[in-house]
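Q: Heads up: the protein sequence lines correspond to chains A and B, in order.
Per this note's numbering, the first sequence starts with residue 1, numbered consecutively.
Per this note's numbering, the second sequence starts with residue 1, numbered consecutively.
Keep in mind the hints are simulated off the structure, nothing from the lab.
Treat the hints with care, since some could be wrong.
For identical chains, the list gives no copy identity; a pair is met inside one copy or between any two copies.
[Stated by the list, open to error] In the BS3-like style, the derived pairs of lysine-lysine whose C-alpha atoms are separated by at most 30 Å in a straight line are:
#: 1; residue 1: Lys4; residue 2: Lys194
#: 2; residue 1: Lys59; residue 2: Lys244
#: 3; residue 1: Lys59; residue 2: Lys272
#: 4; residue 1: Lys197; residue 2: Lys268
#: 5; residue 1: Lys20; residue 2: Lys268
#: 6; residue 1: Lys20; residue 2: Lys244
#: 7; residue 1: Lys268; residue 2: Lys302
#: 8; residue 1: Lys76; residue 2: Lys4
#: 9; residue 1: Lys170; residue 2: Lys279
Protein chains: 2
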Amino acid sequence: MNIKEKIEAQAQKANLAAAKLAVLSSQEKNGALMSMATALETGQGEILAANREDVSIAKERGQRSSYIDRLTLNEKRIAQMAEGLRATAALPDPIGQTDYGVRRPNGMEIRRVRVPLGVIGIIYEARPNVTADAAALCLKAGNAVILRGGSEAIRSNTVISRLLAEAAYKNGIPEGALQFVEVTEREAVDVMLKLKKLAVIIPRGGAGLIRHVTENSLVPVIETGTGVCHTYVDETADLDMAIKIAVNAKTSHPSVCNAMETLLVHEKIAPKFLPLLEKAMGSKSVELRGCPHCRMICPNMKAADELDWSTEYGDLILAVRAVTGLDEAISHINRYNTGHSETIVTQNLVSARRFQREVDAAAVYVNVSTRFTDGFEFGFGAEIGISTQKLHARGPMGLMELTSVKYLIDGNGQIRE
Amino acid sequence: MNIKEKIEAQAQKANLAAAKLAVLSSQEKNGALMSMATALETGQGEILAANREDVSIAKERGQRSSYIDRLTLNEKRIAQMAEGLRATAALPDPIGQTDYGVRRPNGMEIRRVRVPLGVIGIIYEARPNVTADAAALCLKAGNAVILRGGSEAIRSNTVISRLLAEAAYKNGIPEGALQFVEVTEREAVDVMLKLKKLAVIIPRGGAGLIRHVTENSLVPVIETGTGVCHTYVDETADLDMAIKIAVNAKTSHPSVCNAMETLLVHEKIAPKFLPLLEKAMGSKSVELRGCPHCRMICPNMKAADELDWSTEYGDLILAVRAVTGLDEAISHINRYNTGHSETIVTQNLVSARRFQREVDAAAVYVNVSTRFTDGFEFGFGAEIGISTQKLHARGPMGLMELTSVKYLIDGNGQIRE
């Protein structure tokens, strides 16, 4: 079989499995998830051996240390993956929940109940823990899943997915419900994007991967995880709070999507605020790139150019711009942001309300660091990604976002006049 | 300007309008909708004159009478369009509704509120009433809309959309929020499908249009309105009820998407049921096309071939097939249906439950005609279409399905450790 036939056969099997999986009870699904957790722990030696090979090849290829770090597994990370599976088992099952019900004048009764989406495709890059996290969420929500990880983690992912699938199928999950695409050629991605049997494809990774998927997919896509996030320091901001929030948003985990990339400051407060910011960020080794107005106040700042306003650095770099007020801040954000997370630091109620109403993003904060946009921090449990689009799901996507609905109508012979 | 530049300029204007429209109050939107209704009534003469031209050209081109009927407007139909605008004004406004709220352990407060999608593209065929219905629903849900109707109704649609837009803009709706694409070339559709500024495109029309849109769009699409709907008459069915439901599902409005196209019957009851069906359908001039088993019982039936099982006739034709029982009925439906509406006629509780759980469709009925799948019949008010996909919306799409959400988070300096 060539690559196309191979992957189409996988999709066919996944589709048959999805129909059976959709009607499993929560008990059956949870039991399987618990066994899958144990399988990772007992298979730890095998996983680590495969991962060592992946890591040594990545090092030979001269990958960056942050990249190697994302790829590397150890006992603690495997324990976290197992814990993630158990935590997903403990979450309430959305399938079968009724969220609307009515008896119509003609006596027929309508209920809207949650059902699975069907088969979900996940296309991701370096982190091998995604294999376990995504499989757990998809299965718990009654969906079959086809996973396609990056070629760098192919050995780790192959072992992890095999251990998970074996444990799942031994414990009542229908065969074919959890499949990994072992083909490392880029062609595999393009075949997946044409699989009409998939309900949705969720890409997780860099901007290049996400663009390729959204532009070429015939299957609906949910865009996740690109974050050009802003902090706007308003005229009335508490400056200590603004510095604390800015430093947290930029430096607590610079490579993640909810980290700040651009800071906007009201020009009236800029002369007081920017020297404080320069000092605080300097002590954390953050490079500042400022607009001309900012550089008049802080001449040591590098100059920002147009490209800086739309760049997701994922690194210790921050673009800084002075604005004439709330209007300019909102229009800057709505022009350059990616619809992820934005925050205002202010003591002014009117500014806070307008910022939350008018800024177009999944999460809009007042006096809080953007770093909180995350399924656990929002109280939803594990997430499959942060949706930056408006259709189907927006913000942290948990189990509920991996489902659809179905109307069930009961009657006794009703016909329409 | 060429076609591409023209439509891109329209999208640009719509996008600016959408940002303003998103923060209008319900009062402002409802006031505009009421004025738009009046504008259709006072502009009736102008609409009818334009429509007469459309109709006479369609007749010259030799269009079918059902087609001419869909295209034709009269005083009553214009009054219905105006009434639709007023009814939409009277519906509750989904924008601003909070459907989740929590105070987290660190004191930050999270709310999830309904927001508009942005700019919606509607691509539709003959019926000019869609212009008013779709505009009303999109505006009420705070969305700008770009309408692209079929070339056959171009004169009617141009007048209707101009009257609506003028009344809307005079009454506080931001200019650009309601736009009609006056370009009749097919190229206009393809330009729309590449407009990244659109939040979603909803095609309304025949299977050819819907396939073209889903296969070529870079914008998310919601598939609506293709219905290969089934009635399954189980072994234990009340035969009178089964006949009544089958006749209603097939003949009360054969051209709509929730009409039945295939009837399945349990082979044990087929010898009693099929002669009754043949008689009842015969009296309504319905042509039956049966499987070999059915034709042994009713030799006058025409023969169905493989293509019949997946055809949406939209006409007085019905495919009929005998099955060995519930399993075969469910697998036939899940193989050939379009995910719209399916019904079982049965007195057996176990069959009813299994049918509702295992059949994969937006609406699954027990002892009720499929003809009820419709926003008004479900109690939601006007609808923009019936979604046959699982992502974002499934079944009748009302105002709620034209919205997204946004998380608003308030705090007093929270940072993430």
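Q: The structure should be examined with respect to each hint, and the outcome stated for every one.
A: Each hint, compared with the structure:
1. Lys4 x Lys194: Result: close both inside a copy and across copies, 10 Å intra and 27 Å inter.
2. Lys59 x Lys244: Neither: 37 Å inside a chain and 72 Å across chains, both beyond 30 Å.
3. Lys59 x Lys272: This pair counts as neither: shortest intra-copy Cα distance 46 Å, inter-copy 75 Å.
4. Lys197 x Lys268: neither (56 Å within a copy, 34 Å between copies)
5. Lys20 x Lys268: between (63 Å within a copy, 27 Å between copies)
6. Lys20 x Lys244: Result: close neither inside a copy nor across copies, 51 Å intra and 33 Å inter.
7. Lys268 x Lys302: within (21 Å within a copy, 83 Å between copies)
8. Lys76 x Lys4: neither (37 Å within a copy, 55 Å between copies)
9. Lys170 x Lys279: Cα proximity of Lys170 and Lys279: none, with 58 Å in one copy and 53 Å across.
Against the hints set out earlier in the document, violations occur for numbers 2, 3, 4, 6, 8, 9.
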